[in-house]
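2 protein chains.
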Amino acid sequence: MAQRAGVSAQSVSNALNNPERVAPQTRERILAAVEELGYEPNLSARALRNRSSSLIAFKMRPSRPDKASLLMDDFLYVLNASAVEAGYHLILCHAEGGPADEIKAYRDLLTKTSIDAFILAETHHNDDRVAALRSWGVPFASFGRSWDGDDSMAWVDVDGRAGTRAATAHVAAQGHRRIGHIGWLPESELGQERREGWLEACRERDLETDLQAAVVDSLEAGRQATHRMLDAANPATALVCASDTLALGVMRALHERGLRPGADIAITGYDDSPTAALVSPGLTTLRQPIDEVGRQLIQAVDNLMAGDPREPQHVLLEPELVVRGSSLPGPRTAAPTS
Amino acid sequence: MAQRAGVSAQSVSNALNNPERVAPQTRERILAAVEELGYEPNLSARALRNRSSSLIAFKMRPSRPDKASLLMDDFLYVLNASAVEAGYHLILCHAEGGPADEIKAYRDLLTKTSIDAFILAETHHNDDRVAALRSWGVPFASFGRSWDGDDSMAWVDVDGRAGTRAATAHVAAQGHRRIGHIGWLPESELGQERREGWLEACRERDLETDLQAAVVDSLEAGRQATHRMLDAANPATALVCASDTLALGVMRALHERGLRPGADIAITGYDDSPTAALVSPGLTTLRQPIDEVGRQLIQAVDNLMAGDPREPQHVLLEPELVVRGSSLPGPRTAAPTS
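If you read the sequences in order, they're chains A and B. Residue numbers for the first sequence follow my numbering, so the first one is 131 and each next one is one higher. Residue numbers for the second sequence follow my numbering, so the first one is 131 and each next one is one higher.
Derived by calculation from the structure, the hints in this document are not laboratory data. Using N, Cα and C, we set each Cβ at its ideal position, and we do this for glycine too. Keep in mind that the hints are not guaranteed to be accurate.
Derived lysine-lysine pairs resembling PhoX-like cross-links, with alpha carbons at most 25 Å apart [unchecked claim]:
1) Lys234/B / Lys234/A
2) Lys189/B / Lys189/A
3) Lys234/B / Lys189/B
4) Lys189/B / Lys242/A
5) Lys242/A / Lys189/A
6) Lys242/B / Lys189/A
7) Lys234/A / Lys189/A
8) Lys242/B / Lys189/B
Below, a sample of chain A positions facing chain B; criterion: calculated Cβ distance under 8 Å [claimed, not checked]:
9) Leu206
10) Tyr207
11) Ala211
12) Val214
13) Ile221
14) Thr243
15) Val346
16) Leu378
17) Pro404
18) Leu408
Same shape as in the complex, but just chain A (with noise of 0.2 Å):
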């Protein structure tokens, strides 16, 4: 480009990059040598060049109405604030279905752009999304570990189990003994996890283990599950959910009985969705700290990218139980302000 020019390799990168540097005569005629090659030296050259270049690729999932699991969407803004930070910017995918449609959405997103790196999130066993990548050679790291023990894969995830433990060793000194779990399907592997927290600390503390559900992560389904656990005899006092969407539906039940969260049922939720402030009494859950794995995500494909030769990261971190009125006893009214 530079030759058909008659120009230096630096006065085409001021041509296209720093105009202004460029007297214009010199500027059109790199430019029509540009348009006639068709070749641009813009970020892609350099990356090139330096074996790296800009573009991490994240695909979003839709939000639904019946879910409160909008942490998707915070993990996406401080995922993206770290990828800017370390000289990176997030391009966004998109797939609607399943796996597949995902494998084939990263796949034009190769072959159109110069993608240099993917993130994944929600892992699962036998997920073909990881041997896609890894046949295609693109680095990449995921939100979710590998379920299947693979250890060369580059994740970070966060401790379900810890969680759901700590919920309800909570629940439990607050004076419960009958604790109830309403959790996910056995397929999710995140489900079973967080479930065991639950039983290590209800066997831990000579507690019944027989006050559980298994359904689908739907307000619909919490607020059905709720209703069959309270009609039985001898229900749970506490329910220490999976997620705060089936949380979220506890309380729509509670509601439906005229019972009160927290002074009536104590109520635990997982995620710190946005929704688990702002609904009254706040709903008590556990925080996942998504600005450390936003970090430790780029970090992780930073140094794929680099080449380093250590193995790859692989860190999980412990959430953190967020306390507030739909665990606790009470009050039921606060004094007015007036």
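Knowing the structure of chain A, use the given hints to seat chain B on it.
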């Protein structure tokens, strides 16, 4: 590049995009030339030929723990879906601080990558971002009208006045005669518009219009305003709010006073944030047609990039009233499902 490697331009393209179509030695030779020259015929190169590439930039804004304004995250999802459908991808921009930081982040993006268009959100009077993008000659469209009446800017917006009019008419139809408004501070153009919708609906019905508060958009501000308004003599029996965040503050105040949303005081919000459907009772609110907003914005920048000679698009959409329990009189407790 093709000359240097002694091959056709198509072979260069294949070597980079469809390696299986090129003999291994040819590919090696091409890649060496690519590396030597530092040029890559990626999408930016095709884009330069076609006078348009594929990246549209959008700045995410952080969620705040005391705000329900997660509409913007749903919006990001539908905007990306529309972008991908039209052959573009969204790249995320990050800036903390004010408009100056946002403009700096835009400029960084433009100089480092090949951004073809920007989508703005939350426009206001004398918007410096508009002036900056215009001075750079970059196509852009805005979610939010030009409050300066600048018809040369493409925008899509939702009619806030129509929204609060509909909410006020709805609670009036439930029999309420003392309908208050909790809105934003006077400097907010959006807040002013939403206040006017309530005012108009009250005047049409000869209802009092002095039951109002103007506060910042936070749950705590909504909560405190509610306590002040309910402590007054002859208080409102319905509160039409400028946002779901403020309406959730009303619900918090009612919870503290032992009053029931819907049964004791009718409440309406604005945005149909995910939280609105998850609280108990559900929050009556205005749903913005963000799918349509996303489609129209991508269409607008697509037209601009294609050099469409018609006027830039100005699209004002109507919000939809979503009625839930917070504005209905009861029943307080449904029959248990047993």
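To see whether the hints hold, each was checked on the structure:
no.	hint	verdict
1	Lys234/B / Lys234/A	violated (35 Å)
2	Lys189/B / Lys189/A	holds (17 Å)
3	Lys234/B / Lys189/B	holds (12 Å)
4	Lys189/B / Lys242/A	holds (23 Å)
5	Lys242/A / Lys189/A	holds (16 Å)
6	Lys242/B / Lys189/A	holds (23 Å)
7	Lys234/A / Lys189/A	holds (12 Å)
8	Lys242/B / Lys189/B	holds (16 Å)
9	Leu206	holds (7 Å)
10	Tyr207	holds (5 Å)
11	Ala211	holds (5 Å)
12	Val214	holds (4 Å)
13	Ile221	holds (5 Å)
14	Thr243	holds (5 Å)
15	Val346	violated (16 Å)
16	Leu378	holds (5 Å)
17	Pro404	holds (6 Å)
18	Leu408	holds (5 Å)
Comparing the model with each earlier hint shows violations of hints 1, 15; every other hint is respected.
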